[in-house]
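Enquirer: One-letter residues, chain by chain:
Number of protein chains: 4
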Amino acid sequence: MSDNDTTIAELRASVQRFVDERDWAQFHNPKDLSVSLCIEAAELLEEFQWLRPEEVETASRDLQARARVAGELADVLIYAFSLANALDLDIATAVLEKLAASGRRYSADRYQGRFRLDE
Amino acid sequence: MSDNDTTIAELRASVQRFVDERDWAQFHNPKDLSVSLCIEAAELLEEFQWLRPEEVETASRDLQARARVAGELADVLIYAFSLANALDLDIATAVLEKLAASGRRYSADRYQGRFRLDE
Amino acid sequence: MSDNDTTIAELRASVQRFVDERDWAQFHNPKDLSVSLCIEAAELLEEFQWLRPEEVETASRDLQARARVAGELADVLIYAFSLANALDLDIATAVLEKLAASGRRYSADRYQGRFRLDE
Amino acid sequence: MSDNDTTIAELRASVQRFVDERDWAQFHNPKDLSVSLCIEAAELLEEFQWLRPEEVETASRDLQARARVAGELADVLIYAFSLANALDLDIATAVLEKLAASGRRYSADRYQGRFRLDE
Numbered sequence: 001m002s003d004n005d006t007t008i009a010e011l012r013a014s015v016q017r018f019v020d021e022r023d024w025a026q027f028h029n030p031k032d033l034s035v036s037l038c039i040e041a042a043e044l045l046e047e048f049q050w051l052r053p054e055e056v057e058t059a060s061r062d063l064q065a066r067a068r069v070a071g072e073l074a075d076v077l078i079y080a081f082s083l084a085n086a087l088d089l090d091i092a093t094a095v096l097e098k099l100a101a102s103g104r105r106y107s108a109d110r111y112q113g114r115f116r117l118d119e
Numbered sequence: 001m002s003d004n005d006t007t008i009a010e011l012r013a014s015v016q017r018f019v020d021e022r023d024w025a026q027f028h029n030p031k032d033l034s035v036s037l038c039i040e041a042a043e044l045l046e047e048f049q050w051l052r053p054e055e056v057e058t059a060s061r062d063l064q065a066r067a068r069v070a071g072e073l074a075d076v077l078i079y080a081f082s083l084a085n086a087l088d089l090d091i092a093t094a095v096l097e098k099l100a101a102s103g104r105r106y107s108a109d110r111y112q113g114r115f116r117l118d119e
Numbered sequence: 001m002s003d004n005d006t007t008i009a010e011l012r013a014s015v016q017r018f019v020d021e022r023d024w025a026q027f028h029n030p031k032d033l034s035v036s037l038c039i040e041a042a043e044l045l046e047e048f049q050w051l052r053p054e055e056v057e058t059a060s061r062d063l064q065a066r067a068r069v070a071g072e073l074a075d076v077l078i079y080a081f082s083l084a085n086a087l088d089l090d091i092a093t094a095v096l097e098k099l100a101a102s103g104r105r106y107s108a109d110r111y112q113g114r115f116r117l118d119e
Numbered sequence: 001m002s003d004n005d006t007t008i009a010e011l012r013a014s015v016q017r018f019v020d021e022r023d024w025a026q027f028h029n030p031k032d033l034s035v036s037l038c039i040e041a042a043e044l045l046e047e048f049q050w051l052r053p054e055e056v057e058t059a060s061r062d063l064q065a066r067a068r069v070a071g072e073l074a075d076v077l078i079y080a081f082s083l084a085n086a087l088d089l090d091i092a093t094a095v096l097e098k099l100a101a102s103g104r105r106y107s108a109d110r111y112q113g114r115f116r117l118d119e
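Listed in order, the protein sequences are those of chains A, B, C and D.
Quick note: the first sequence uses the numbering used here, first residue 1, plus one each step.
Quick note: the second sequence uses the numbering used here, first residue 1, plus one each step.
Quick note: the third sequence uses the numbering used here, first residue 1, plus one each step.
Quick note: the fourth sequence uses the numbering used here, first residue 1, plus one each step.
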């Protein structure tokens, strides 16, 4: 199984199955899921705490560091998918709509190579 | 387009296209992406700040609140996908491996309906 | 030493001494300190992860839970004081100015017992 | 009023007065305060989002950027003090005990100029 042959719905279903097998849906209210997502996002960030730009590059090529980052990113995504499951939100729709809205706000020509206009 | 007919790879490609059209890959190092993911996770959490359990339920059924949550969740996912893109990590593999590891740690029978053994 | 007989400046000096003794000021740029503060804030939040309101109350009276919370809150404050030290910001001034500004925004009579007007 | 002539207890009392004048203590349970602290820590971090080390230095000398950082740091501290107030925790004690424990863990000679031993 890889990103090429897995639909968002299939990956969401794997997360849902894990939750259902433990009868954990009772804990999965949107507030506590958002709290958990925040905690996991901070654990992901911890992988890069204090690292200077060149150390970030070195870590990006280190197999052990990459495995830790993949594990923390997975935790973030599991809670993100759990929140989408709990609220019955379509992820593809939400992401594509946000990209469209951001595309209007940050037009490709005005923001070419920069993310602030005052630079 | 919906979660049923969109692969993870397709959604990642949409995010990559948005980044490439603006020549923003130069900013997308793993540390700054993790910082941004953390900031967006906190903005998602802000939707539920101070809400009591019953108010969380009400918000979960409110169309405007749901749209705001979907928008903030999309921001989280866009940075999560950007990080996977920047590091060339397979999301389906990472999530399924993490679910398998968590499944061994939290066996379905011992953790049925609870997430701590001392309860 | 207690909050009654310790000035903000004295507590900031204790943190500065700890940093100086290890020659760690070189790492204490405002961005990495803010990253660290965010990570510690999430670790503090982790103490209350998944807890329902009545469980939060129980934890608030539990000596071991209180000691863990005090330890995590200390980590948050150590980075907050480190940031004030690194940027030479006066904490008392910043806090009192913010309270004054918030006091104008949230007048005591209109926001009596509520933090949103639409409630 | 400045950090030199303000005790921790006095600054905590100013925060408590602000809360009491609005009858907001009812909302100030430790979980929601930790959630709020996390959100404010992320807003502080947002001031440095995407900034390269040299841009962080420039921002550190910019008067407007410094004022924004002071304002966000104040928000973090107001919630940290509110949590200490809600749980009746002594901040000076917690910080000094944590510095002592960290001092034993990170001895000044072994960790001189570095925060990891494997470097």
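FYI, nobody ran anything at the bench for these hints, they're computed from the structure.
Among the hints, a few may not be true.
Copies of the same chain are indistinguishable here, so a pair counts whether it falls within one copy or spans any two.
Straight-line C-alpha distance at most 20 Å; calculated DMTMM-like pairs for lysine to aspartate or glutamate [unchecked claim]: (1) LYS98 / ASP109; (2) LYS98 / GLU47; (3) LYS98 / GLU55; (4) LYS98 / ASP88; (5) LYS98 / GLU46.
Enquirer: Would you mind marking each hint as holding or not holding in the structure?
Expert: Here is what the structure says about each hint:
no. : hint           : verdict
1   : LYS98 / ASP109 : within (19 Å within a copy, 39 Å between copies)
2   : LYS98 / GLU47  : between (28 Å within a copy, 17 Å between copies)
3   : LYS98 / GLU55  : neither (32 Å within a copy, 26 Å between copies)
4   : LYS98 / ASP88  : within (17 Å within a copy, 23 Å between copies)
5   : LYS98 / GLU46  : between (27 Å within a copy, 18 Å between copies)
Checked against the numbered hints listed earlier, the structure breaks hint 3 alone; every other hint is satisfied.
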